[in-house]
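S.K.: What follows is the residue order along each chain.
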Amino acid sequence: MPAQFSRVTSHAVLLAASDVDTDQIIPARFLKVTRKDGLGAHLFEDWRRDPGGAPRPDFALNRPEAAGARILVAGHNFGCGSSREHAAWALVGWGLCAVVAPSFADIFRANALKNGLLPVELARADHARLVGAREADAALPVTVDLERQVVEWPGDAAAGFTVDPFHRRCLLEGIDELGYLLALEAEIASHEARRR
Amino acid sequence: MTTSPVTTSPVTTSPVTTSPVTTASTRRTTMFHKIWRDHLVAQRAGEPAVVYIDLHLVHEVTSPQAFAGLRGRGLVVRRPERTLATMDHSVPTAPGPARGRIPIAEPQAAAQIAELERNCADFGVPLHALGSGRQGIVHVIGPELGLTQPGMTIVCGDSHTSTHGAFGALAFGIGTSEVEHVLATQCLLQSEPRTMLVRVDGRLGPAVTAKDIILAVIAAIGVDGGTGHVIEYAGSSIGALSMEERMTVCNMSIEAGARAGLIAPDDTTFEYLAGRERAPAGAAWDDAVDRWRRLPTDEGAVFDRVIAVDGGALEPMITYGTNPGMGIPLGAPVPAPSDLGDAGARGALVRALRYMDLQPGRPLLGHRVDLVFLGSCTNSRLSDLRQAARVMGGRKVSPGVRMLVVPGSQEVKRQAEAEGLDQVFRAAGAEWRESGCSMCIAMNGDQLQPGQYAVSTSNRNFEGRQGMGGRTFLASPLTAAAAAVSGRITDPRTLL
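Respectively, the protein sequence lines represent chains A and B. In terms of this note's numbering, the first sequence opens at residue 1 and continues consecutively. In terms of this note's numbering, the second sequence opens at residue 1 and continues consecutively.
Check each hint, because a few of them may be wrong.
[To be verified] A few chain A residues that face chain B, going by a derived Cβ cut-off under 8 Å, partial list only:
| id | residue |
| --- | --- |
| 1 | LEU31 |
| 2 | HIS76 |
| 3 | CYS80 |
| 4 | ILE107 |
| 5 | GLU173 |
| 6 | ILE175 |
| 7 | GLU177 |
[Unchecked claim] One side only, chain B facing chain A, incomplete, derived with CB under 10 Å:
| id | residue |
| --- | --- |
| 8 | GLU106 |
| 9 | SER159 |
| 10 | SER338 |
| 11 | ASP339 |
| 12 | ASP342 |
By construction, these hints were calculated from the structure, which means they are not laboratory data. All C-beta atoms, glycine included, are put in the ideal place defined by N, C-alpha and C.
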C-alpha cells in the first residue's frame, strides 16, 4: 500500500543514544515471521524488558509519557547494521510515524520511507536544541511538517530539514514506488534488449 | 603513542577528506561509475535513478512479505533466471543425517522455510534447498557457483550482500519492499552514492589477515564512516589477497555504513571464476574477460574521499565493544571513556563496557572465553577453515570452551572434508556442523547464554546479536582458533 505522510504533532519519545542498530530495534529472533504486522510489541524488546520479560521502567518506551507518542527523537546514525525492514515495521507497529535524528544509516532510511515512517535529519545544533527542550518538558508537543520541511516545538525557532524531492512527493501524494517502477515497463524492456 | 596505520588523504589531517572535483577535460571514471552507468534504465530530473539488477539472491527471512506483496497485486517474478534462493538464516546446523534433511525443531522457523519453498515453487525461482547438497549461506554460494561476476549489479535482502563486491560487482543489501520491487521489475530506485577509495599498501605481517584489514578500517572511519558511499578497496595489500580474503574485506563494508564495497577484477578474479558452474565458458568466457578488464577505475579518477592504510603496520585486530567500529590491535588497551572528546561516543563506550563487563586501560589478551564461533558469510570459506586448522592441528579446544565450526555451504563442507579439515576440528574437540548463518545471527538455536564471552569470526558484536546477553569479540579465524585452544584471548602469532 502506498505510504503517506504530511504532518504530525505529538509528544516525543527520547532515545538519543548514537549508533542504535537494527538488532536493538527488533532482535533477530522476531524475524521468523511471514507478515509485517505484530512487530510493534517487540520494538526494542531487549532494552524494554529484562530477560524474564518484566518491563525495565527506566527505558524510554516504558515511561508513562511515552504512551501514544508518534515521534521518536533518536541519536546519530540511527538504524545501522542489518537491512531488516522489520525495524521500520516494528517502529510503525508501535505507533511511530517520524524519527528525528542527526543522521541515519542508508538502508534504514530507505526502508523507513517505504513505510510512511519519515526519517527527519536535523543539523546537529538543531537536534541538540530539540533534545534540550524535550529533556526539559517530557510532554513537549513536536510538529514534523513534511510539506514545509520543518520541525517545530514551542518556545524556539523552527528547524529545517530536507527530504529528497522524489520521496517527499511520494509521501505527500501517496505515490507507490513499485507502481512507479511498473510504469517503466517499456524502458526496462528496452534496457534488457540492449544488454542481451 | 604509536602512529595509526590508517591515515586519511595526505592533503589534510581531517578524518574526512574531500578530494578536488574533477573537471570535464580530465574526467576519468571510477569502477563504480562504469557499473552504475551500464545499469541505468532511466534517470529523470529530480528523481532517483532506475537501476537494473543482474542478480537477485533471496533467503527465507526477508522475502515472505515480498512474495505476499506480489500475490496481492497479481504480479509475477519478472526474471526468475536472474534470481536464486536458498535458506540460511534460521536453518539448523546440528550435524545432520547421512541422507535427507535435518528436522527443524522450531515451528516458526519451519513455517518460514516452508514458505520459501512454496514461494519458489509458485513463482519459478530456482532454490538451493536444505538437503539438496547445494544449500549454503547466500553470500557463499553465489560466488562458488560462479554466479557472482565482475561488472554485475547484485542485491539481496541482506546487508552483507556487499561481499560480492570482491569480484568488482556493485552489490548491496536491500529491504523487503525493495526485494518485492526487484522480483517484480528487476529494477530499483536508487540515489547515486558517493565514492570512497580505501588504499591498503604494503606487505601484511604474520597472522595479519583480511579480517584484520577491515576491522582496522572500520575502527578508523567508524560505523558510519562509509554512509552514503561505495568503498573501493585498492592497493598492493588488497591486490595480494585471494578472492576469499577479498570477500571478507568487502563483506564488512556495511559495518562502516557503506552502501557497498568493490575490488577491481584482476587475474586472481578470473582464475577463481574460470570453470565454475555458472561462469561463462568458451568464446563467451573470452568476451567476458575482455569486458571485465575494462572495468577497473581509470588512472587519475577522482573519489569523493580517500583513506590510506599502511598494511605493513597492521596488527591482528579484535573488537572490545558492541559495534564493529570498537576494535583495537590485539595487544592494545581497551580505550577509556575519558579518552573520548565526543559526548555521544563517550556515552556509547560507557554503555558498551558495561554490557561487555570490561575494564578500560587493559588489553584483552588473557581474557576468558566461553565459546568460539568459526563461521558466517565473513569467514566460513575453505581458506578460513584452513587458517583455523593451522592453529588447531595437534591441539585441543580448551576445557570449558565450546567451539562451533560452521562451513559456509555444503560445497565448502565437502571440500573441507575432502582435505581432512573436519578431522582436525573434531580431533580438537570442536563441533563440525552443517552450513548456515548459525551463531552469527542466533536465529536457529545456536546461541550464547547470557553473560558468555565468544570470540567470533562473524561480522557483528551488537548487544544480543549472538544470543540475549551474550558478549562477542570479533576477530579473524586465526585469532578465534588461538582463543579456542587456549581458553583465553591469545595472540595467534604465539601459536604458529
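S.K.: Compare the structure with each hint and give your call.
M.R.: Here's how the hints hold up against the structure:
1. Taken as an interface hint, LEU31 of chain A checks out: its beta carbon lies about 5 Å from the nearest beta carbon of chain B, inside 8 Å.
2. Evaluation of the HIS76 of chain A hint against chain B yields a held restraint, the C-beta minimum of about 6 Å falling below 8 Å.
3. The beta carbon of CYS80 of chain A is positioned within 8 Å of a beta carbon in chain B (closest approach about 6 Å), and the interface hint is therefore held.
4. Among the interface hints, the one on ILE107 of chain A holds; its C-beta lies about 6 Å from the nearest C-beta in chain B, closer than the 8 Å criterion.
5. The closest approach between the C-beta of GLU173 of chain A and any C-beta of chain B is roughly 13 Å, which is over the 8 Å cut-off, so the hint fails.
6. Given the 8 Å rule on beta carbons, the hint for ILE175 of chain A is violated: about 11 Å separates it from the nearest Cβ of chain B.
7. Because the smallest distance between the Cβ of GLU177 of chain A and any Cβ of chain B comes to about 6 Å, under 8 Å, the interface hint for this residue holds.
8. Evaluation of the GLU106 of chain B hint against chain A yields a held restraint, the C-beta minimum of about 7 Å falling below 10 Å.
9. The interface hint given for SER159 of chain B holds, since its Cβ lies 4 Å from the closest Cβ of chain A, which is under the 10 Å cut-off.
10. Below 10 Å, beta-carbon pairs count as interface contacts, and SER338 of chain B has none with chain A, the closest being about 17 Å; its hint is therefore violated.
11. The interface hint given for ASP339 of chain B is broken, as the beta carbon of that residue sits about 16 Å from the closest beta carbon of chain A, more than 10 Å.
12. At a threshold of 10 Å, the smallest CB-CB gap from ASP342 of chain B to chain A is about 9 Å, leaving the interface hint in force.
In terms of the numbered hints stated before, the structure departs from hints 5, 6, 10, 11, listed from lowest to highest.
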